[in-house]
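Protein chains in written order, with my numbering: chain A, 1 to 372; chain B, 1001 to 1438; chain C, 2001 to 2960.
In short, the hints are calculated from the structure, not lab data.
Any given hint might turn out to be false.
Within a straight-line C-alpha distance of at most 25 Å, the following computed DSS-like cross-link-like pairs (lysine-lysine) qualify [said to hold, decoys possible]:
1. C:2479 - C:2583
2. C:2158 - C:2332
3. C:2328 - C:2158
4. A:247 - C:2158
5. C:2361 - C:2264
6. C:2469 - C:2479
7. C:2264 - C:2328
8. B:1421 - A:247
9. A:247 - C:2332
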Amino acid sequence: MTPESVPYIVAALAAGGIFAPVFISSAPVGFLRIILAAVALALSIASIFCATGTFAFGMIAVLLILRGLFANKGTDLPKLPCIVSTLFAVAAALTGEWPVLNLIAAVLLLATLSGAWPMHWLAARVIDRSPIAMAEQISTCIVAMFAYLRFVAPTEFAFDAASTLVRLGAVLALLPAITALVQVNLRGFYRCIVAMHGGMLIAAVGAAGHGHSAAALLVTVTLALAMGGLGAMVAAVEDRCGRVLLKEQGGRIWGMPRLAAAFLLFAASGVGMPGTAGFIADDLLLHALWEESVVGSLTMIVAAALLAVATLATFAKIFLGPPATSLAGDLRRPERFVVIATFGLLVLIGVAPWLLANPLAEYLRGFGAVPH
Amino acid sequence: MTHIDLDAIQRIALPVIILLPIAASAFVGLLIMASSRYPSERTATRILEVALTISLVLSAFIAICATGVFGAAPSTLVDYGALLELGTYRIPAVLLTDWKGIVFSLLCAFLTLLVARFSRTYMHREAGYFRFFILLGGFATGAQLVALAGALDIFFAGWELIGIGSALFIGFFHERAEPVRSSLRAFATYRICDAGFLMAMVCAHEVLGSTTINALDGSIDLPLWESTTIGLLFLLSVMGKSAQLPFSGWLPRAMEGPTPTSALFYGGISLHAGLFLMLRISPIINASPVVQVAGAVVGISTAIYAAAVARTNPDAKGALAHATLCQVGLILAEISLGFTTLALVHISGHALLRVWQYLRAPNAIHDAHRIGVHAVPAEELQTQSVLERRVYAAALHRLRLDDRIDSILDPFMVLARALDKFDRRVRVLFGGGKERDP
Amino acid sequence: MHTSDSVDEDAIDAAITRAYGILPDQGPIGVFIHHNTLHSYQHLPFHRAIQEGAARLGAQAYMALERFHAAWKSGRIEEIDLEEALDDLPSADATLQLPLGLSRRQLRRALLVEHIDDQDAAGLLWRIRSGPSPVAADMPLWEAALERVARGPLPATKTTPPPLRHRDALIACGARDPDIAVTHELTALCSSFLDQGQANITLPNRSEGFLMAVSLLFASGASVPRLCRGAEDDFRRIAIERTPAKIVIAAALEALGVPEDERKEYVIATALALPGWAGMFSRLERNPAENRAHCPISLAEFIAVRMVLDRHAAERSACEALLPTSWKLLSKQIPQPEPIATASGAFLLWKLARVAGARPKQVREMNDQSLATLWHETTIFHNGARGQVWLEAYESRYRRAILGAVASRRRMELQTHVQRARAQFIFCIDEREESIRRALEEQDSTFVTFGAAGFFGMAIDYVGLYDHKPAAHCPVVVKPAHEVHEQPVFTQLSWHERRTVLRDHWHRIERAAASWSRTLTGGAGLSLLLGPIAGVAAVLRVLAPRTSLDIRDQFQTRLAPRPETRLGGIRHEPSAPLSRAGKPMGFSLQEATDRVAGMLRSIGLIGNFSKIIVVLGHGSTSLNNPHESAHDCGACGGRRGGANARLFADLVNRTDVRESLRAIGIDIPSDTWFVGALHDTANDSVQCFDLEELPLASADSFRDAWRALEIARRHSALERVRRFESAPLGLSPDDALRHVEERAAHLAQPRPEYGHCTNACAFVGRRSLTRGLHLDRRAFLVSYDPTTDPTNAILERVLAAVGPVGAGISLEYYFSSVDLDRFGCGTKLPHNVTGLLGVMNGHRGDLRTGLPLQMVEIHEPMRLLLVVEATPAALLEIAGRQAEVRELVVNEWVQLVSLDPTTGRMQRFHNGAFHDCRIDNTPLQSVNSSVEWHGLSREYVSPALVLDGLDLKPLAKATT
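All chains, please: the whole structure from these sequences, using the hints.
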């Protein structure tokens, strides 16, 4: 892979993230949704190929504004999170001259999009509304992170802020991982698992400052694809079964085995199952963290372990148990293909990370990134 | 005999041995996911069995090559470059075919295929038939990765696959609550203990500059505290996977799974995988007397504990599980004390014996009739001694290990609840928390 | 701890007495005897009994409605059957007019066939959204229904059973389940207390009883489970004061705040919380002979230990969830169930409106009163009543077909044997022998088979050559008065002695190896020594199960052949020494003659003896199958019938017995020879006994019969394997035989045979009535000749034996297949043999009683259709005398049909009297051979006439 191909790969991944939820959501695939997704993709691609930070973040801002405008109609997004994240995106676009502000704005943008603590109250609003909306929102992270890697990470200040961000990220990952253990409904669990990945993203943002850009991008890709996919599966389950409480075993696997398998696969790749992007991302992130802070990496390891346990426990409560009778069926055909495609991407990056990571470093060097 | 480039053959064969089973699983999974009907049992099993057979044949071939009958044995280090290389950081794609690896690979391939053949009949018509074989393929790859990995990262991937497979097989009959609870307990134990592996791996990378297993040889030059730390962290992980004290509580619970997988995991591969890790990191163990002593103490105490439990356990699979654990503890001590070759032989013989015993466990009644167990009543402990009763109770109750761990976890769960409550307050404060119905 | 209130104890006594009845009555699994799972409800009419019993045990009384519905869809149940069953339902006024112009009957039919209750609202809405919509047929009506239901009232919520114990209430309130910890603890304690020889060391002081042993254990400082903390003090006090169990129970009830009047139910519920273990205590307490561990067993002590643990676990769980502990307060805290969702109600209304042909406007304008009436009608036609109707219809369909076939067959002329039969075969009545009997008869019209209860009148305690103690080989209701030993022949006595020593040594080594391998050093040594051998053995046994077993057997036979033996069946001197159990060894001449004569008379074989008569008992051998013994002969008390067949042949071949027989009118020609044999129903092998004694003059006849058996067992195997999905269809008979042999030898085979899975009916009558009918291995065939039984004395004996055995088998299969988890023992695969007593799932849990999935999966759960060739008057008279038969018949636990021997009229006993029953009048299909009929089908096949081996070929051709 040549460095020139990097934007194309990122665009492809972004496309996967943007279109996957469209086909899984409960509403029929409407014209408006497709158009919106296409426009979002166009803006994302524009952002990916932009040569300056102003334009790159500007495009993201436009994308977010567009989402906000069509909130409640084309998308299930509530308005407030769109407005807030648009503001951060605009700030990131306009503060290119002031690295400190620029970094803060970009990090806040990423935190808002990915639902990291403490911005998760905004994400919680999105998830409260509909998990599929969160999946759509997360897809923007790839583009935002790519812009960050090119225009913000190479700065001197990002280098200085790295170790703080890493420590912060580790804590932000641990807290939701702990709360994930005691959630009482499926959305609460989804909120926690996304927030935990948000924490990892913050840590990765920090690590990127020290040149671990591949780790940062892989973490983002895992977040977007695995958590996006998981969000879609959460939506699919709720669609079929109504509100899902984690009180006792639901036994839903009997009626929807493919949906259960997809849920488990996405969740597992999120918590670092070998053979998926999550494994490489975790591994890379750990090494990057270790250099910054041993305690940070320890925290992250514990967070990942707790989250893995919570994930299996949640899966067990939703799907396992004595057979539940339901009229609702398994994943429909388009949904199944989306699952295959999205998970295929995760596996591809998991077994061949060099496809993305190796040219990325080369590519970013063109933007003045410090080689690791 | 014309010259054969054994190195080249080995280079191609090894990835096939490792990846073919999971590829077969993925293929079957894909078939199911893509179509609305399930394939026939026959088709699915065929695909898996062919993959496992090829894996076994190639593994045996590598073993034969290594004996040198086809000329000079191929090199034991097969380097595929790096899975990922970024500056100083690389995930090396290295496989190691020394005798330890080959023997373990052969053992894994053989037992997996044996169990697959057994299960073709055993699992027939069972709900979850496909799940069983798909997971088995994933497990086979995990076991081969562990056996042949030349770098800790790859080893860890296999290690995790075995762990996931083990947990999902324990919860195989998930319509009842008990298997699911047991599965979670095993998985939680694995994950917590694997934190040790991850830290040790990252640590080793930092101090040795590489995560290849051969690089561990360099640990002899490390300062004692570093090799001790790394060694103990690895030991923690081994204790989880091999159910050593105080993490033995999940092992009897693992008997919830179908008998062939109990055989494969807890009689055969999974419990012994921990020991294999010990064999792989033996340079570190040798470098630190503290780790040696710790390993020996853990191993011996587990062996004594398990032997006592096995004597009092009245159910077939539970007794077998502890009998296995007893030997695993013993082997752990052997390795810690440096008898690695003996340990390797012991592992192989023991795995074969236990798999066979597990596979025949449901025959207990038939055997009892045949060999007249009833004719010789069990000895009753007619005792007035408080000590004897306590020892008996400790064995019967398995030291109440699960309860003890739960008591430690209780405050943690209180913390989690408090944190969650706080979080909910904060969200409500900012106007969230109003869920819309789906 | 000192509340020895007599009122209390009465309640507890009553509860324990009741618990004996309700708890599963299954003994140690090594000898599996089929019995009616709800035996203690047998005094009630069938439907009421099973609905009450199932409710008590939290189980299903009928197949799941979905299964009935599938049967309806597939045509297994026909309209006419459903109509009849609906008419039969005892309820007031089926024509009652309901709102929307529905009649009550219409509504009930709709509820049955439309399958519209219990739809989850979310799933329903999803289906409507994402299609194909289930309401697409009439959207305006759907909207009207939705709108109407939204205004209320809603259908009644499903009634959940009231909480019986603290645990039920705690769970309903969302507290932690206290039973998890208690179950774990009790499983460990019970299994080591009851252990029959699996562990090396058992519970200390178990000879002092369960309560004391447990109390002593905890009094010594053993820790109680974390969630039962506090129980150790109670146990310590019990150990010191030696408190009797009932007082312990009373104290615990007091502490839990259970009011006096609820105590009985509370204690029963406590016993039923872990039915398997409690049932084993109850069984072994009342049948101490089955307990091989030397410990006194008492259900009360089990309940006492449980109550102590329960109390503390419940208190703790309640405390954690901030709930009261007192039963009175706690049971009031249970939250109301959630109301039915509007969409579900609307869907129900929509379907009913469709059935009624109502318009949207009509639906919209329904008043609350009429809507409520509709909901009420659906509620009173509850699942139990629906199951009842479905089951009656399900049975009716089969009954019509099978009785129709018999009627057609009867219209053809009965076959009478003018010439001497080529060979005669006496089989067990077992329905599994139907196919091999048919396969024999198909070969020649002069091969004649008989069916007799498989112990052949030989009620004995049998001690085989290497058995350790006598085992009763007869129906469970009979207590044998004689013992029979298998003994080596004189010339091989010394070899026998040597072999016994060798055998004992070998077994000692095997036992030692099994127990050494669990020890520290032994395990290490054996791993190194035996590991490689085990690997090779595993490969051979998995890859070539049949061959490897053959090789092993041959090797054993070569190395140490079994000595030839004879049965000591006759006791010549009345003063001969008694056995160790104090029973006479063998029969006296008179006793032998009586038994043989009784047996021959009962099957109507009192003349026309052929030259060779083979008597076949049956048994079943399989590996890795804890339920192996369930496949053995029910009439032999869950053992193999080979010894009985052998003994019978041995006795009847004796000249002195024959002379005595002649004196009472049974003249067996001197050229007739009986051969005893054992048919293995798992691998379809036939093993003959005592062929050394076969007179040379009979050799040819025997060879002839043997050849026929060889063919027959192959065809029988062929007929069996079509039911196994793993055997390809269209095998050759030889391949089929190989397949079943491999099955029986396979370690991984959870279905060595399907056992009694196919049982459905029983015929008591002349074989000529059913000869030539393809009954698909579903019929117990009891040979009985009404023409030789003017006083019905024989019939009475036959029914008294066959009725309970047949009903026991049929009902055990019925219950295990309608609720596999509660009545049956679930799938076999996670079973773990415990204490040599039974199986439990996984590592800690209840003992599982009943039959596993792999034994019942193709079963059609119906009551046994018992067709007897006798007049209703005769049957009523017998039922009047035989209490057990009366209970089964009058309460309709079997469907009794009287087939009049002279007129052929068929009447079913139903609702207290015999009524003519409906039969299919369609002409019987006829085929040339059995295989032509069942050929390539894996399903049940309907009865057909098989012409091969029938003399009435031209006649039958003409009639069809």
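Here's how the hints hold up against the structure:
no., hint, result
1, C:2479 - C:2583, "holds, 11 Å"
2, C:2158 - C:2332, "holds, 19 Å"
3, C:2328 - C:2158, "holds, 24 Å"
4, A:247 - C:2158, "holds, 20 Å"
5, C:2361 - C:2264, "violated, 55 Å"
6, C:2469 - C:2479, "holds, 16 Å"
7, C:2264 - C:2328, "holds, 15 Å"
8, B:1421 - A:247, "holds, 17 Å"
9, A:247 - C:2332, "holds, 21 Å"
Comparing the model with each earlier hint shows a violation of hint 5 alone; every other hint is respected.
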